[in-house]
Amino acid sequence: MKYAYYPGCSLESSAKEYDLSIRACCQYTGVELIEVPDWICCGASSAHATSHLLSIALPAKTLVQTEKMGLHQIIAPCIACLTRLKVADMEMEEKEDLKKDVETVLESPYKGSVRVRNVLDVFLNDVGLEKIRKTVTTPLTGLKVACYYGCLLTRPPHIAQFDDVENPHSMDDLMRAIGAETVDWSFKTDCCGVSMSLAETDTALVLTNKILEGAKDAGADCVAVACPLCQSNLDLRQKAIGNKFGVFYDMPILYFSQLMGLAFGATTMDVGLEKVIVDPFPVLGAI
Amino acid sequence: MKVAVKEDTTAFAKEIQQKCGQDVLTCYQCRKCTMGCPMAFKMKMKVNELMRAIQLGLREEVLSSDTMWWCVSCETCATRCPQDIEIVEVMDVLREMAFKEGYYIPVESIEAFHKVFLRSVEAYGRLYEMGFAMDLNLQLKDPLKDADLGPVMFAKGKLKLLPHKVKDLKSVKKLFENVRKLEESRV
Ligand code: SF4
Ligand code: SF4
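These protein sequence lines are chains G and H, in that order.
Residue numbering for the first sequence follows our numbering, starting at 1 and increasing by one per position.
Residue numbering for the second sequence follows our numbering, starting at 1 and increasing by one per position.
Hint data in this document are derived by calculation from the structure and do not stem from the laboratory.
Just so it is clear, CB atoms sit at the ideal spot from N, CA and C, and this is done for glycine as well.
It is possible that some hints are incorrect.
Between beta-carbon pairs, the in silico distance windows are [claimed, not checked]:
#1 G:G112 - H:K181: 39 to 45 Å
#2 H:P143 - G:E93: 42 to 48 Å
#3 G:A218 - H:C30: 26 to 32 Å
#4 G:N243 - H:A155: 19 to 25 Å
#5 H:G102 - G:M269: 50 to 56 Å
#6 G:D279 - H:E60: 50 to 56 Å
#7 H:L25 - G:E274: 51 to 57 Å
#8 H:K145 - G:G70: 55 to 61 Å
#9 H:K44 - G:E93: 36 to 42 Å
#10 H:S64 - G:G30: 51 to 57 Å
#11 H:Y104 - G:G30: 51 to 57 Å
No farther apart than 25 Å at their CA atoms in a straight line, the calculated lysine-lysine pairs in the BS3-like style are these [claimed, not checked]:
#12 H:K141 - G:K111
#13 H:K46 - G:K210
#14 H:K100 - G:K111
#15 H:K44 - H:K115
#16 H:K44 - G:K99
This is chain G alone, in the form it adopts within the complex:
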């Protein structure tokens, strides 16, 4: 199983542990990742707000590069990148004029042969739960995980084409396959405020506070996420949330791939566990 790999800007710095743990999980499960050489930013958050053409051209460059690598599937772990790549591919397929404009901008043709894959989907459907169960050496028995999907993993359905849009369960399935318990809660697909946390921090705290409260009320030991923006919004500002709302959650926010990696026998360093802000070692201590 060979895929082009597009880490994206966050996985290079603030979400380094997502990159590390995805690579580790892929190694354990026989998924070969080949990084797109000299990839550029997908423009997420901002290009689509200022120029539609730019918002398609930036990710399209990566799709063109993937074709040049001779690969037909690309994995982008960051859900924002994933969505931008998918939108670019789909819109170029639907709109001939737009495709021509993009090719003019990139000075390169695009055949349209690339399938953009969500990393959860690859683990669930290409690797399969069976193989994942067999790869586990350290089951996370007793750990209660609240799986948080956020916005774009399932929305909008015609682009995401993944899981149940109001009550997704793919991450829950993966977490149970590695021995963890998952909690039922109502905030799986609520919005974390995305990039609002940088520009309008106070507004974003209102949203993240509700999500953390939901996870705590459901009795979760930690929250599992699949997106760098979800992770940093929920993890980074728990102190500020405490100061604003008077509740200090101390809730570890981990990438699902960090938990998977640990269950497969990776070391805490391999999955960058020390990089998350709220200390996860106390709840993982027993494992």
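Since the structure of chain G is provided, determine the placement of chain H with the ligands on it from the hints.
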């Protein structure tokens, strides 16, 4: 109440449809979009009201509203709309029009965010997160914002002190230039 609708009030909705393919005229005000919107509490004009304003051809009011600037593109509204209006595509078009037509953007911090973000991408080919955050805080005239988080993130190896420049920066510059050229040729 009787409202006399002049024929040309739909021109604005048609302009939007021509730009993104979304037919706002089909909105029948069920308000599902607003009910599920996580940012509705910040918006002066709620999502369904924005749709109605577009239908009534209130171009000025719509393009100077704060609605699309609070929208975080979470896609909840678009997913639930019974008329299948891809509302986020409408928001994107409105943002793009307001930007390009020089409208005052009522949420200044968000405008700064987009400008600083794209400046970083054009300069380095990738988003240089730390430079971006510092640049944004300067724009927000709050240089010490999140100053407590910087050292924590740095200690955790989550911040790079120097930007990673892509090797082929020329082609990135070219991409941005070509977009501008093509768009200017169409105005
Ligand atoms: S959900 Fe759709 S039809 Fe209902 S008010 Fe919103 S835009 Fe109109
Ligand atoms: S996409 Fe924007 S308008 Fe729609 S629900 Fe989300 S924040 Fe509200």
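Each hint, compared with the structure:
{"no.": "1", "hint": "G:G112 - H:K181: 39 to 45 Å", "result": "violated (24 Å)"}
{"no.": "2", "hint": "H:P143 - G:E93: 42 to 48 Å", "result": "holds (45 Å)"}
{"no.": "3", "hint": "G:A218 - H:C30: 26 to 32 Å", "result": "holds (31 Å)"}
{"no.": "4", "hint": "G:N243 - H:A155: 19 to 25 Å", "result": "holds (21 Å)"}
{"no.": "5", "hint": "H:G102 - G:M269: 50 to 56 Å", "result": "holds (51 Å)"}
{"no.": "6", "hint": "G:D279 - H:E60: 50 to 56 Å", "result": "holds (52 Å)"}
{"no.": "7", "hint": "H:L25 - G:E274: 51 to 57 Å", "result": "holds (55 Å)"}
{"no.": "8", "hint": "H:K145 - G:G70: 55 to 61 Å", "result": "violated (46 Å)"}
{"no.": "9", "hint": "H:K44 - G:E93: 36 to 42 Å", "result": "holds (38 Å)"}
{"no.": "10", "hint": "H:S64 - G:G30: 51 to 57 Å", "result": "holds (55 Å)"}
{"no.": "11", "hint": "H:Y104 - G:G30: 51 to 57 Å", "result": "holds (55 Å)"}
{"no.": "12", "hint": "H:K141 - G:K111", "result": "violated (46 Å)"}
{"no.": "13", "hint": "H:K46 - G:K210", "result": "holds (21 Å)"}
{"no.": "14", "hint": "H:K100 - G:K111", "result": "violated (31 Å)"}
{"no.": "15", "hint": "H:K44 - H:K115", "result": "holds (24 Å)"}
{"no.": "16", "hint": "H:K44 - G:K99", "result": "violated (37 Å)"}
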